[in-house]
Amino acid sequence: MSTATIIQAQDKGLRQQFADSIAKIRDFAIELYAAHGGWIAQSETQRAQNSRAELMALAAAAESHSPALSAELRHFASK
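Following numbering that gives the first Met the number 0, the numbering of the sequence shown begins with 0 at its first residue and continues without gaps.
Heads up, a few of these hints could be off.
[As the list claims (entries may be wrong)] Pair by pair, the computed Cβ-Cβ distance ranges are: (1) 33 <-> 11: 24 to 32 Å; (2) 12 <-> 56: 34 to 42 Å; (3) 67 <-> 14: 30 to 38 Å; (4) 12 <-> 48: 42 to 50 Å; (5) 45 <-> 23: 28 to 36 Å.
Honestly, the hints are just simulated from the structure, not real lab data.
Think of the CB as a built atom: it goes at the ideal place given N, C-alpha and C, for glycine as much as any other residue.
Construct the complete structure from the given sequences, taking the supplied hints into account.
Set out below in structure tokens:
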């Protein structure tokens, strides 16, 4: 048996084992996300809505003393 035969007989190299491990971790994360019903994305959406509402409230409060600031805040909230 030569060295080439021994090397070819090995299943996977370290690079392939690492890639398989990363794929398993990724699959697990996707399944976990799906099992929770995408609650992470809902949380991000909820935070964005809360931030927009807060900016609009600040714009309303600033309307009397600084209309330009109020307009800027509304502009940021619309994005």
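Quick rundown of the hints versus the structure:
1. For residue 33 and residue 11, the Cβ-Cβ distance of about 28 Å falls inside the hinted range of 24 to 32 Å, so the restraint holds.
2. A C-beta distance of roughly 58 Å is found between residue 12 and residue 56, which places it outside the suggested range of 34 to 42 Å.
3. The given range of 30 to 38 Å is broken by residue 67 and residue 14, whose C-beta atoms sit roughly 58 Å from each other.
4. Residue 12 and residue 48 have their C-beta atoms about 48 Å apart, which keeps the hinted 42 to 50 Å range intact.
5. Look at residue 45 against residue 23: about 31 Å separates their beta carbons, and that is inside 28 to 36 Å.
When the structure is compared with the earlier hints, violations turn up for hints 2, 3 and for no others.
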